[in-house]
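With these hints in hand, go ahead and build the complete structure from the sequences.
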Amino acid sequence: MRLLHSLNQKYRFCSFCERGMMDTVYISHGSPMMAIDESIPARKFLKTWQQIFKERPKAILIISGHWDTKEPTVNVVNRNETIYDFYGFPKSMYKLKYTPPGAPLLAKRVKELLMENGFKSVHEDKKRGVDHGAWVPLMLMYPEADIPVCQLSVQTDRDGTYHYNLGKALAPLREEGILIMGSGATTHNLGTMQPSGSPVPSWALQFDTWLKNALLEGRYEDVNHYDSRAPYGKMAHPSPDHFYPLHVAMGAAGENAKAKLVHHSWDHGTLSYASYQFTAPK
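Per my numbering, the very first residue in the sequence shown carries number 1; after that it's consecutive.
These aren't lab readings, by the way, just hints derived from the structure by calculation. Just so you know, not all the hints are guaranteed correct.
Unchecked claim - Taking lysine to aspartate or glutamate pairs in the EDC-like style, the calculated list, with each CA pair at most 16 Å apart, reads:
(1) LYS97 x ASP159
(2) LYS168 x GLU116
(3) LYS108 x GLU124
(4) LYS234 x GLU217
(5) LYS258 x GLU221
(6) LYS168 x GLU112
(7) LYS70 x GLU124
(8) LYS111 x GLU71
(9) LYS120 x GLU71
(10) LYS234 x ASP157
(11) LYS95 x ASP85
(12) LYS70 x ASP159
(13) LYS126 x GLU81
(14) LYS97 x GLU116
(15) LYS260 x GLU217
(16) LYS95 x ASP37
(17) LYS108 x ASP125
(18) LYS234 x ASP159
(19) LYS70 x ASP125
(20) LYS58 x GLU116
(21) LYS97 x ASP157
(22) LYS111 x ASP125
(23) LYS168 x GLU221
(24) LYS47 x ASP37
(25) LYS168 x GLU255
(26) LYS97 x GLU81
In C-alpha cells:
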C-alpha cells in the first residue's frame, strides 16, 4: 500500500494534470543510421520535436519494436544504458551514448495498471537499458537525456487487439504527465529495401495510404485487424514487432481519439517514416 501511495503521489497529482492530458505518439524510427545521417528527412523532423510538442513530459514510456517478450515486461533501472542492437554499421554508431535516467516508479505504475486490467503476468527487467528503437529517436527529440525513460515490451505472438487493450490499460498515465510513445516503422519489410532515392513500390504505397486513411477516419478496429483488412498487410509487416507499438499508442489515446499525421517521408524505397499523434477529446 505504501508503494501504491507513493506512485499515486508522484504521478497522479503532478502539474501536468492541471494542463490537461498528454497526447500519445507513434514514431517510425526507421534505420539506426538516422542517428548520424542528416540526409534522412525524419531526422530533421525529430530534431524539431520540442518546437512542435512544447509540453515537457514528466517521464516517457516507450514501446519499441526491438523488445519482444513472451509476456509484458518493463525495465526497472535507475539509469538506462545504451544498447547497440544492430551490426554492420559505421564505427561512429557504436560510440554514441544516450543514457537517460530510468523511471522505476513509472515502471511499477505500468505494472500496476496492466495487472489491474487483466494482464495477469507482468515482469520486471532490472538490467535492460534502451535499445536503438528508443535511443535513436529520443536522442534527436530530447538530446539533453534528462527525462526519465521506461521501456515496455511487445508480444509478437499476440495480435493487434491485444496491444490496443494494452494501451487502453495505460491510458491513465496521460493524465499524469507521461508521454506514451510507440516506436517502430509504418512499413517494415527489410528484405525489400532498395537504395536511397528508389521509387516507392505500389504495395508499400497502398498499405501506407490505407493506414493513413484508417487512422485519420478513426477506423481503429480496422487497424487492429490490419493483417486481414489492409492491402498487403503481411507484405508491409512480415513480423508485427514494429507495428504493434502503434496499437499501444492508439489504445492509450482512447477509441474517440483523433489521429494526426505529423510526419511523412520514405527512404530505401519501401521504408515509410510516417508518424502519428493521437489526441483524446477534451
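**Request:** Would you mind confirming whether the straight-line C-alpha gap from LYS97 to ASP157 stays at or under 16 Å?
**Result:** Roughly 32 Å separates the two Cα atoms, so the pair is violated.
**Prompt:** Quick one, are LYS70 and ASP159 close enough, alpha carbons at most 16 Å?
**Reply:** 13 Å, holds
**Message:** So if I understand the rule, the pair passes when the alpha-carbon distance is 16 Å or less; does LYS234 with ASP159 pass?
**Reply:** 13 Å, holds
**Item:** Agreement of LYS168 and GLU221 with the hint, judged by alpha carbon distance not exceeding 16 Å
**Value:** 13 Å, holds
**Prompt:** Keeping to a limit of 16 Å between CA atoms, is the pair of LYS97 and ASP159 held or broken?
**Reply:** 34 Å, violated
**Item:** Hinted pair LYS70 and GLU124, Cα distance within 16 Å
**Value:** 13 Å, holds
**Prompt:** Taking 16 Å as the top limit, are the C-alpha atoms of LYS70 and ASP125 close enough?
**Reply:** 13 Å, holds
**Holds or violated: LYS168 to GLU255, with C-alpha atoms at most 16 Å apart** = Distance ~9 Å between LYS168 and GLU255 Cα, so the pair holds.
**Request:** Would you check the hint for LYS108 and ASP125, treating anything up to 16 Å between C-alpha atoms as holding?
**Result:** 11 Å, holds
**Message:** Would the hint linking LYS168 and GLU116 be met if the CA-CA limit is 16 Å?
**Reply:** 12 Å, holds
**Asked** Hey, LYS97 versus GLU81, does the alpha-carbon distance stay inside 16 Å?
**Response** 8 Å, holds
**Request:** Would you mind confirming whether the straight-line C-alpha gap from LYS111 to GLU71 stays at or under 16 Å?
**Result:** Distance of about 12 Å is within 16 Å: holds.
Of the numbered hints stated above, those contradicted by the structure are hints 1, 4, 14, 20 and 21, listed in ascending order.
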